[in-house]
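A.B. asks: Each chain, written out:
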Amino acid sequence: MTPLSSRQTQALNSAARWYARLESGQATEQDRQAWARWHAEDSAHQQAWQRVEAVREQLAGVPGNLAAPALHGVARSRRQVLRGMLVVASAGSLGWIGLRSETRTQLFADERTAVGERRTLTLADGSTVMLNTDTRINVHFDTTQRTLELLSGEILVSTAADPGHRPFSVKTRDGRVLALGTRFIVRCDPDLTQVAVLEKAVQVSLPDGTTHQRLEAGQRMDYSAFSLGKIGANDVCVGAWQQGSVIAIDRPLGDLLAELSRYRSGVLRCDPRIAQLKISGAFPVDDTDRALAALESGFALKVTRYTRYWVNVSV
Amino acid sequence: MPANELSLHTAVTDLYCDHHGWLHGWLRKRLGNGFDAADLAQDTFVRVLKARNALEIREPRPYLSRVANGLLVDLFRRRSLEKAYLEALACMPELTQPSLEEQAIMLQALLEIERMLDGLGARVRQTFILSQFDGLTYAQIAERLGISLRTVNNHMAKAMEHCCLMQIQMQLA
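So the protein sequences, as listed, match chains A and B.
Mapping of the first sequence onto this note's numbering: residues 1 to 315, in sequence order.
Mapping of the second sequence onto this note's numbering: residues 316 to 488, in sequence order.
There may be inaccurate statements among the hints.
Unchecked claim - Ranges between beta-carbon positions, derived for each pair:
#1 G232(A) x C406(B): 50 to 60 Å
#2 A437(B) x C237(A): 42 to 52 Å
#3 K200(A) x W337(B): 49 to 59 Å
#4 T210(A) x H324(B): 52 to 62 Å
#5 A217(A) x E320(B): 20 to 30 Å
#6 E41(A) x E320(B): 27 to 37 Å
#7 A294(A) x L415(B): 54 to 64 Å
#8 A437(B) x T304(A): 25 to 35 Å
#9 L321(B) x S280(A): 16 to 26 Å
#10 E57(A) x L404(B): 20 to 30 Å
What the hints assert, rightly or not - Coverage of chain B stretches by chain A, computed from C-beta distances (three or more under 8 Å per stretch; other residues unrestricted):
#11 319-328
#12 431-438
If you're looking for bench data, these hints aren't it; they were derived computationally from the structure.
Even for Gly, the Cβ is constructed at its ideal location relative to N, Cα and C.
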């Protein structure tokens with residue numbers, strides 16, 4: 001973590017605000033004099049301003065007529081790049097061509113939620129799907145199948161009976177979950193898929209086409225494209241997001257923070273020395289600042305906000 | 316070699332022997348080709364070696380795949396930026412095209428800028444690029460994005476603060 005004192009972070013924050021004001025083209029002589037006073041009054045201000053200058057210098061390293069189109073054109077975030085990767089993975093050896101020529105169209109998903117958003121959709125057959133935070137799905141319904149492709153995030157599916165008896169399944173990078181008249185949750189993490197059955201049953205099939213596993217109501221399992229994990233029992237924590245919470249029972253702090261960070265933008269870090277600290281409680285996902293405040297007061301932790309998007313939890 | 320260096324070295328060697336095989340396969344599946352996969356598998360262990368924490372790794376598989384995944388993302392980002400950059404170059408009149416050496420230096424500089432901008436919201440990022448590289452005024456940006464001047468101003472401040480923090484972090488790393 002950046003070892004900045006709060007004086008330094010405050011100075012950076014005001015330096016950035018000064019930069020924005022002076023860069024506007026509307027700055028007056030009074031503004032400049034005010035800036036000079038600010039700059040002179042504290043050595044931390046001078047250091048922070050040096051940093052702003054260093055960033056500007058770095059930005060000036062590439063001419064604007066090249067940098068602008070390149071930076072506008074590039075896949076815009078880590079997540080988008082990750083989504084690009086899923087496509088490549090499923091497209092096999094032709095993946096490169098796909099990625100290189102059609103990144104943007106392939107990044108398109110039928111339905112998505114923003115970070116912190118939750119939304120329920122009703123599908124053409126009357127089934128409903130609730131999308132948790134930062135989730136993307138594609139919907140493929142035709143005369144023979146009802147398939148949801150979960151590209152990232154987490155969904156709760158409640159299937160409706162289909163007069164045409166078309167099978168209903170959720171596809172992820174790691175395999176397929178076939179619904180057997182049911183309500184279930186599928187979550188797509190960077191290296192595995194999690195499924196939890198709330199009613200009836202599902203069958204999980206891996207891409208090899210020969211590995212299958214049936215899961216009954218109350219059961220959950222993690223799996224990757226290569227192997228099935230152990231079958232476990234659902235507890236109160238499963239699907240608590242529907243009601244807007246994360247529930248932790250003796251959960252390591254590092255884990256819990258990783259979970260909460262799904263619901264907020266920016267960086268949420270945990271001091272490795274306390275990552276194993278066991279925490280229990282219910283934490284609101286719609287207001288993660290409140291969840292952090294609860295951790296701060298309830299467990300005597302220190303929450304340091306470098307910026308709104310950059311938060312560190314330590315002792 | 317001092318004893319602790321030796322045990323660190325042994326730990327990485329063990330890790331390599333036990334896990335190089337599946338890691339290569341895992342990367343290959345994602346990349347769709349064996350050459351890049353071999354490079355990235357190698358880079359993954361170089362990272363572990365540099366991090367000097369091989370003795371503390373309790374669960375090597377998730378750890379290694381996390382490291383490898385980060386490298387994979389960097390690779391994709393690099394290629395994606397490279398492509399956009401080459402397209403931008405191709406649009407320039409031939410007379411003003413930089414030399415090959417200049418091109419390589421600029422691509423490197425661009426990659427570092429891209430890393431610095433990583434994590435900014437789409438709107439903030441766009442505002443910042445329009446101002447810094449397209450040379451638009453705040454008023455033009457406000458009109459183009461349909462936001463207020465005040466929001467442009469706030470986006471600019473937020474982007475600069477983010478870049479400062481990222482630059483500090485990148486210099487520490």
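A.B. asks: Cβ-Cβ distance between A217(A) and E320(B): within 20 to 30 Å?
C.D. replies: This hint is violated: roughly 54 Å between Cβ atoms.
A.B. asks: Closer than 8 Å, Cβ to Cβ, for at least three residues: run that test on the stretch 431-438 of chain B against chain A and report holds or violated.
C.D. replies: holds (count 6)
A.B. asks: Check the following: the C-beta atoms of E57(A) and L404(B) are separated by a distance inside 20 to 30 Å.
C.D. replies: holds (23 Å)
A.B. asks: The hint says 27 to 37 Å between E41(A) and E320(B); measuring C-beta to C-beta, is that right?
C.D. replies: violated (49 Å)
A.B. asks: Quick check on a hinted range of 16 to 26 Å for L321(B) and S280(A), using CB atoms only.
C.D. replies: Violated - the Cβ-Cβ distance for L321(B) and S280(A), about 42 Å, lies outside 16 to 26 Å.
A.B. asks: State, for the Cβ atoms of A294(A) and L415(B), whether the hinted interval 54 to 64 Å holds or is violated.
C.D. replies: Holds, at about 57 Å.
A.B. asks: Given the range 25 to 35 Å, decide if the beta-carbon distance of A437(B) to T304(A) lies inside it.
C.D. replies: holds (27 Å)
A.B. asks: A range of 50 to 60 Å was offered for this pair. Does it hold for the Cβ distance of G232(A) and C406(B)?
C.D. replies: holds (55 Å)
A.B. asks: 42 to 52 Å was suggested as the range; check whether the CB atoms of A437(B) and C237(A) agree with it.
C.D. replies: violated (32 Å)
A.B. asks: Taking 52 to 62 Å as the hint, is the beta-carbon distance of T210(A) and H324(B) inside that range?
C.D. replies: Once the Cβ atoms are compared, 41 Å apart, the range 52 to 62 Å for H324(B) and T210(A) is violated.
A.B. asks: At a Cβ distance under 8 Å, does chain A reach at least three residues of the stretch 319-328 of chain B?
C.D. replies: violated (count 0)
A.B. asks: Take the C-beta atom of K200(A) and the C-beta atom of W337(B), compute their distance, and say whether it sits inside 49 to 59 Å.
C.D. replies: violated (35 Å)
Checked against the numbered hints above, the structure breaks hints 2, 3, 4, 5, 6, 9 and 11 and satisfies the rest.
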